[in-house]
Amino acid sequence: SAVISQKPSRDICQRGTSLTIQCQVDSQVTMMFWYRQQPGQSLTLIATANQGSEATYESGFVIDKFPISRPNLTFSTLTVSNMSPEDSSIYLCSAPRDRTYNEQFFGPGTRLTVL
Amino acid sequence: GDSVTQMEGPVTLSEEAFLTINCTYTATGYPSLFWYVQYPGEGLQLLLKATKADDKGSNKGFEATYRKETTSFHLEKGSVQVSDSAVYFCALISNAGGTSYGKLTFGQGTILTVHP
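Residue numbers (our numbering), protein chains in the order written: chain F, 10 to 124; chain Y, 15 to 130.
Only chain F is shown next, with the shape it has when bound in the complex (with noise of 0.2 angstroms):
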């Protein structure tokens, strides 16, 4: 199984800042995922962060707002641009139990407040 650490864990911002959430992984992977879940919601796949590609982004999400980086198979970054209090959530970042994809094991999340 994956262990997936996530920094920081919470973090209340200014609006018009950017925030850099990080993922580790304890093992190598191919993919791993960025989710957002805003409050009283489900979680939305924001974009899939490919080793030496470029990310994938679902529709509703950008690039210029959402900059991934995936500069290694263990590690990515999102960053949350220009940020509002609208950008107020929780990101979960995951990554699959094995080559399968068939499960994905999730990191604690960072709680976001944009004030």
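Heads up, some of the hints might be wrong.
Simulated DEER-style distance windows between Cβ atoms [as the list claims (entries may be wrong)]:
# : chain 1 : residue 1 : chain 2 : residue 2 : range
1 : F       : F70       : Y       : Q59       : 23 to 29 angstroms
2 : Y       : Q59       : F       : E67       : 22 to 28 angstroms
3 : F       : T29       : Y       : A31       : 41 to 47 angstroms
4 : Y       : Q59       : F       : D20       : 19 to 25 angstroms
5 : Y       : D68       : F       : D35       : 30 to 36 angstroms
6 : Y       : K70       : F       : S27       : 43 to 49 angstroms
7 : Y       : Q59       : F       : I21       : 22 to 28 angstroms
8 : F       : T29       : Y       : S17       : 28 to 34 angstroms
Okay, the calculated bits of chain F under chain Y, using three or more residues with CB under 8 angstroms as the criterion [what the hints assert, rightly or not]:
#  : segment
9  : 47-56
10 : 112-120
In case anyone wonders, no lab produced these hints; they're calculated from the structure.
In this text, a Cβ means the ideal position worked out from N, Cα and C, and glycines have one as well.
Chain F is fixed; fit chain Y onto it per the hints.
Chain Y alone, transformed into the frame defined by chain F:
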């Protein structure tokens, strides 16, 4: 596209009551189905899964059976405890390949509160 629909909540039960949370799905191909649980203040944990029709996933007294004919994956527990109070998410991973590979689609979540 893929979608997951959960019964509307919240659900409030007394301890030792029987629990059912309904989940139905729409997906291409033969998806894998999951129940995730989120305890207050904690991250998302996999509760159980089923990868093919008629499979039954089980864990911690919870069960769910993959019903392809009704496209359902209802969560059940015979006797709930206060410690089961959490948010429960039904989810699927489409095995259709291509751009859906490995992506989880979640239901809206059901808040369960169990009183002593």
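Do the hints match the structure? See the list:
no. : hint                               : result
1   : F/F70 to Y/Q59: 23 to 29 angstroms : holds, 25 angstroms
2   : Y/Q59 to F/E67: 22 to 28 angstroms : holds, 23 angstroms
3   : F/T29 to Y/A31: 41 to 47 angstroms : holds, 45 angstroms
4   : Y/Q59 to F/D20: 19 to 25 angstroms : holds, 23 angstroms
5   : Y/D68 to F/D35: 30 to 36 angstroms : holds, 34 angstroms
6   : Y/K70 to F/S27: 43 to 49 angstroms : holds, 46 angstroms
7   : Y/Q59 to F/I21: 22 to 28 angstroms : holds, 26 angstroms
8   : F/T29 to Y/S17: 28 to 34 angstroms : holds, 32 angstroms
9   : 47-56                              : holds (count 5)
10  : 112-120                            : holds (count 7)
Hint compliance for this structure: no hint is broken.
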